[in-house]
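Visitor: Given next are the chains, with one letter for each unit.
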Amino acid sequence: MAWRLRLAPEKTNINFFKAQWLTFGGSALLMVLSIVAWAVMGLNYGIDFKGGTTLRTESAVSIDTGAYRSALEGLGLGDVAISEVFDPAFGPDQHVASIRLSAEEGDQVTEAQLASVRAALVAMEPTLKVISVETVGPKVSGELVTSSLLAVAVTSLGILAYIWMRFEWQFAVGGVVALLHDVIITVGIFAVFQLKFDLTIVAALLTTLGYSINDTVVVFDRLRENLIKYKTMPLRDVMNLSVNETLGRTLATAMTTLLAVGSMLVFGGDVIRGFSFAIFAGIILGTYSSVYVAKNLVLFIGLDRSEKPKGGAKGDHEFANIDA
Amino acid sequence: MLHTPLWKRVLVWAAVVLGLYLAMPNLFYSRVETHNDAASEIEKSGGGATPEQEAALAAWPSLLPSSLVNLGLDLRGGAHLLAEVQLADVYKQRMDSLWPEARDALKAVRDQTGGIKRAQAPNGVLKIAISNPEGMQAALEALQPLASPVVSLTGAGSSNYEISGAGTEITIVLSEAEKAATDTRTMQQSLEIIRRRVDAAGTREPSIQRQGADRILIEVPGIGSAEELKAIIGTTAKLTFNTVVGTTQDAEANPGPGNIVVKDAEREGLYYILDEAPVVSGDNLVDSQPSFDQNGQPAVSFRFDTTGARKFGEYTGAHIGEPFAIMLDNTVISAPTIQSAITGGSGIITGSFTIEESTNLAVLLRAGALPAGMKFLEEKTVGPELGQDSIDAGRAAAVIGLIAVGVFMVASYGLFGVFANIALLINLGLIFGILSLIGGTLTLPGIAGLVLTIGTAVDANVLVYERIREELRQAKSAARAIEQGYERAMSAIVDANVTAMITALVLFYFGSGPVRGFAVTLAIGIVTSVFTALYVTRLLIEIWYNRAQPKTLVV
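Heads up: the sequence lines are chains A and B, in that order.
Under my numbering, the first residue of the first sequence is numbered -19, with each subsequent residue one higher.
Under my numbering, the first residue of the second sequence is numbered 2, with each subsequent residue one higher.
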């Protein structure tokens, strides 16, 4: 037998319901806390959602935020937020900062104001270069909020409908609640740490929706198979058996994805770090929730097993005819 | 013995070879790019090629595919603008130009209506006050001929103006059908004009698209900043020929009703008083070219269409010896005296132009004026340095992610892991091949999508291999275990990829720009990864199995 790396022993017999009040309750609590954090602390919205202008500057010497602040004083700007940006890939003479501006009144920072900002920055530090500028008007940002919420809703419904079609409705509900669990806690993390929340984060959340259902589907798939195989075994035991049987692949698929996204998180540059982080967090949460959240819900709702066809290898559902 | 029918094997390998063949030019990105640029330049100039162009053309054999993956603005650097076309501007212009016609029409029934004057009204509405309410019926009848049927497919049968009267006030509004027809026309014109102007500025592969009812998305790679792009698009180049009433030194002078004060382009402090209604406008131009006047100074020659030629001929014939003004964007660029009737419909604009200015002006005149103003809702500038940094970081992340996943797969599944890794590399090649084929754009989130695909593509293999292990534990023969492993893992793999595809489609539909690029690579990656993870690895395993004939199988 050749050596193989195994994330889980070949045969496990873990009772995943043993600490269910701790795990499931913990998940529920985290979801509530996330929503509270979201409501109380709010999200650190990027200009995509808030409107405004961001500049990215690069200079050969380090400039502290105070210097930026005094350089931009008296230009008739509203809120100014300055943050230094760090990345392992930056050279020693590469100092990057991100400046967020909003107009004092009216909607957009005018071209003249922007020109004076550029001039003031270069006057402060001659090596400074403005390497990107982005302006989003209030009209567009309002629409983006609506369409983002709509996108999350449509994706969830689409997945709900598909899982329903392939499995029983209880599975669909369990799967989608597990997904919402992943998304809500990820948003909670963004609220607690006040990480910048922009359009790419929404894209990352949607991606999480699509991928964290995968592990859940693998478990459900096995559950369906085992429900037919072990007709008299209590539901709870069939579930435990199914999760134990698929544990190895659940961990392995999560690991490959985490390796790739982790590489993006560390080496992919700061521009996309928030995006990578959201996917990374979403996949860890998704793996956890497919083991601890989705099936628990199915157990709570209960499955009607009496209508199962007797002795047939075929599934119980008109679309569920691909045997696995 | 494992066996896949020959036709299936041929099909799978043919798809792989074709995909990789199409992806190949991307390995020689800059060389193919200069080749493509040279080819399009030569085509534009109409055949003649400079030696440099010939050399660039020869750098990449014409027989090989030359489609590349486009790099998005966030990777290449450039500017992005989202403009909202102020459609209501056109309604106002329509009403302004309708007023003189309405006034003339009402002159015929002056004895019944009494005095007429234009009253205050919102945009797109013309209100006329008459002093004698008894004359309303006659006034409405006189105005009726101004309305004509709407020229459009959907609005057929309805009239362009709705004319009504109450008390002493006549109201003329654009009908809904006419507004819709006008909006369509305005958007088409704006798109066309922006396209011509951006093209004239000579940047590489600009993208100009209509978005929604009244928006235009303009993306121009390689341009310095959004302000620069706005300057190219924003110059309206509205050309008119007006009657000169007089001159003045005072910018604030009262020009009298129907007249305007306009400054001279060169002489500081010189202002013209012009009749506001132009004799002919740039809309009647059919052509304009840079040329030279009789003194050898750069000038712009132009030609009118028949309507313009007739109006211009009549006017110049009646006003010999008088000056008239050529006005561009609210400045008088020259005010020559009419020497004789100009009936041929062509003329020349002189002023103190440089050759470059006269060329630009000719281009702007030819493109025409933007029919309506634009408001910029979104602006983005990405410097080329930042784009390059992003490409480097994305490449590093992809390579390191690939190595990490590859090592993990070999450590977990041995030789079968190697097969999965070969399939993974083919998969990446296929994604590039398809992106090049459909002219897709790679953005920074798109690179992230690619890296994510590296992680998820092997998931299908993990599911299959784990299933094979299970089948082996049940003491099935190796060949049978492999077959069943692929067959039985299929359901979970299909489900997983369908849900991921739902996400990609939603992202494509709701997203824009970089996010859309992410959705595209994700969607392509889903299709190619199912293909490589299921078909390609299976063929690889088959080849190995049939050749090695292993007694026992260790996955």
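Hints are computed from structural coordinates only; laboratory data are not their basis.
Be a bit skeptical, because a hint or two may be false.
Said to hold, decoys possible - Stretch by stretch, here's where chain B covers chain A in the computed footprint (C-beta under 8 Å, at least three residues):
1) 170 to 179
2) 240 to 250
Claimed, not checked - One side only, chain B facing chain A, incomplete, derived with CB under 8 Å:
3) Pro123
4) Glu170
5) Leu387
6) Ser492
Using N, Cα and C, we set each Cβ at its ideal position, and we do this for glycine too.
Visitor: A separate judgement is required for each hint: does it hold in the structure or not?
Guide: To see whether the hints hold, each was checked on the structure:
1. 170 to 179: Our answer is that it is violated, as 1 residues pass the Cβ test (under 8 Å) against chain B, missing three.
2. 240 to 250: holds (count 9)
3. Pro123: With a closest approach of 21 Å, the Pro123 (chain B) hint is violated.
4. Glu170: Cβ of Glu170 (chain B) sits 35 Å from chain A, so the hint is violated.
5. Leu387: holds (4 Å)
6. Ser492: Interface hint status for Ser492 (chain B): holds (4 Å vs cutoff 8 Å).
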